[in-house]
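Novice: For reference, the chains in residue letters:
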Amino acid sequence: MSSAPESSPAAAAETSHSRNDDSGVDASPSQYLLSLRGISKSFGPVQALQNVDLDVPAGQVTAIIGDNGAGKSTLIKSISGIWSPSSGQMFWNGKEVQIHTPHDATVLGIATVYQDLALCDNLDIVENMFLGVEETKFGVLDEIKMELATVKVLKELAVTTVKSVRQKVGSLSGGQRQAVAVARAAMRESKLVILDEPTAALGVSQTAQVLGLIKVLASRGVSVIVISHNLTDVFEVADRIAVMYLGTMVSSGPASNYDTASAVEMITTGSSSRVASPYSLT
Amino acid sequence: MSLSQEEEPSLVVTSAGGRNELVTMLKRFKSGDSGLIPVLIGLVCMVLYFYFKNHVFLEVVNINNLFIQATIFILLGMGEIWLLLLGEIDLSLGYLAGIAAALSAILVDVQYHWPWYLALPGAVLLITALGLFSGVLVVFLKLPSFIVTLAGLLGWEGVMIFIIDRQNTGGTVAVHGGVLNDLVNAQLTVVATWALIIVMVGLASFLMMRSYYNRRKSGLVYRSIYFTIAKIGGLVIGGFLLGLVFNSNRGGAFIVQRGMPFAIPIDMAMLLAGTYILTKTRTGRYMYAIGGNKEAARRAGINVNRYRLLAFAFGGFSAGVAGLLYCSELGGANDSIPGGNFVLYAVAAAVIGGTSLVGGRGKMIHAVIGGLLIAIIYNGMALINMSTATQYIAIAVVLLAAVTVDSLARRGVVAGT
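So the sequence lines, in the order shown, correspond to chains W and F.
Sequential numbering of the first sequence, starting at 1077, is according to our numbering.
Sequential numbering of the second sequence, starting at 668, is according to our numbering.
I should point out that these hints are in silico values taken from the structure, not numbers from a laboratory.
None of these values were measured; they are calculated from a predicted model.
Among the hints, erroneous ones may be present.
Stated by the list, open to error - Result set (PhoX-like, lysine-lysine): computed pairs, CA atoms no more than 25 angstroms apart in a straight line:
| id | chain 1 | residue 1 | chain 2 | residue 2 |
| --- | --- | --- | --- | --- |
| 1 | F | 884 | W | 1228 |
| 2 | F | 961 | F | 947 |
| 3 | F | 947 | W | 1244 |
| 4 | W | 1221 | F | 884 |
Assemble the whole structure, with the sequences as input and the hints as a guide.
Specialist: This is the structure:
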């Protein structure tokens, strides 16, 4: 039985997509933008993901946390179409979908910002924003249209530290580059934006910049998945938290269900004595 | 979208005024983002140096020769830039040009007697295909372009010597007049020369003004109109000087020769076409992207292999045209055409002009400036009777200096931001 809305504290111990709980009833994926059920992925003998369930609600920030090697990146790459899951199902707005290529993901409205940002340093902000999807007029690049759109997007996302959209991306700071990468994902009218370790290499004020950007995105109705191993950042922006450990989804639920101590324990050991979890580590 | 006062100043600022922009430009210049200026200054210094050493240097007949001599470096340089932008290189372009030269002479004059409108495009098409062939090996067998085209440099030299010596004309295949001769040795009429210059300058000015007004109308930040006016002014002066130079009699008292040689508009057409592709089309944009970050381009959905192949094809095409003009200049082709040297000068020309060897940075105009510089040095040194040994050393020093200045300047750019 699907749980009451997340704000209910009584639902603390109950994750809303439990397959192992005693009721034996699957939570309906249709109330979520993206739902994963039983996703597994192996690379030869290596089992990278094992039976992972995940629910991503629309318009909220879901943080996936876990130690290095927990499978966070692999899970993300399965959603964004880089890898095809070995087994399991994915639901988009309740309907089952197959995501086999990055193009499939793009068509659904999933945009991913990888850790290396995939920006071209020798091109300026406008050129990076429209890379691969340039606007043309009679075969000629429509620079004005693209520049106007870029200025508009950056303004909407409250990115004010960038002086000129014609600056080469290579000359921007880490936070600005991250902002450009996120804005590029946001501009494609994506419904789901996935960010892989967005603040990993950033300083304090740059991190604040990016976190602010994530909140603006969510406020505009875009779902955001953030992978991070920085719990401070996670508790700052996340509406939901999902904890992974050695390829399995240990626990997930509203962010209010977690605190730093329980989260750390789950990340490092795979279970927490502080929050009763219906899962055991199998 | 008109300028509205309530727009945030940090993002939507219109013209800051001519004086402020001049200040910004000077700051950028000092921090190293000076673009072509150092090379142009070097060019002017060289010209003045050689002129004072030997006044013949700036006589119209010599200037004409200079432009013709520069053509092979300019066109091969442009060919290399297509590849350098992607972080590749094609060492075989020099001998591909040599094959084009030999083939065109053989097809038109020496053996087959094809009409020029079949032979010349045919030769260029073949060389384009040979360039593409290198590209196929590089892209599909995933071989490094340096090695593949090094093999090409050696192999195509053999092919060139073979097809020339097969004619049994003593290692030279000569051109007997006709279009192949006229490319370099015949010219537009005086009237046509002025007409061409006026049309080009007029068109360029119109496009620049239209671009200025479009930008201003859209509400984006625009540069003061004085910059556009200055650029137009520069074009007018340059065009006027070019017209004067080429329309002056360079032939002497008995054979009057006035007008722009056909080679010049051909060079210009290659420059304009290449620049247009690089700045105004997706193809050009993708080439810069691939050179800047191949993986990012791939993730953006760009078909990286297609554009790499295209670059090799463009390189071949440029070499083909270069070969035709070289054949016209030499009056034929011979089996000791220094294709290896030419390709090195082509790369040098591109780099002197400001193109990066690792990809992502370069413009067609770089080949023009670099090619002219190299031609000026050789032409000038010949006029002041410098020995061959000194010539080589001088070119080496210039190349090192150009690349050092450029590198130091760019380090300043990154550090200064």
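Novice: Now tell me, hint by hint, if it's right for this structure.
Specialist: Hints, one by one, checked against the model:
no., hint, verdict
1, F/884 <-> W/1228, "holds, 16 angstroms"
2, F/961 <-> F/947, "holds, 20 angstroms"
3, F/947 <-> W/1244, "holds, 18 angstroms"
4, W/1221 <-> F/884, "holds, 12 angstroms"
In this structure, none of the earlier numbered hints is contradicted; all agree with it.
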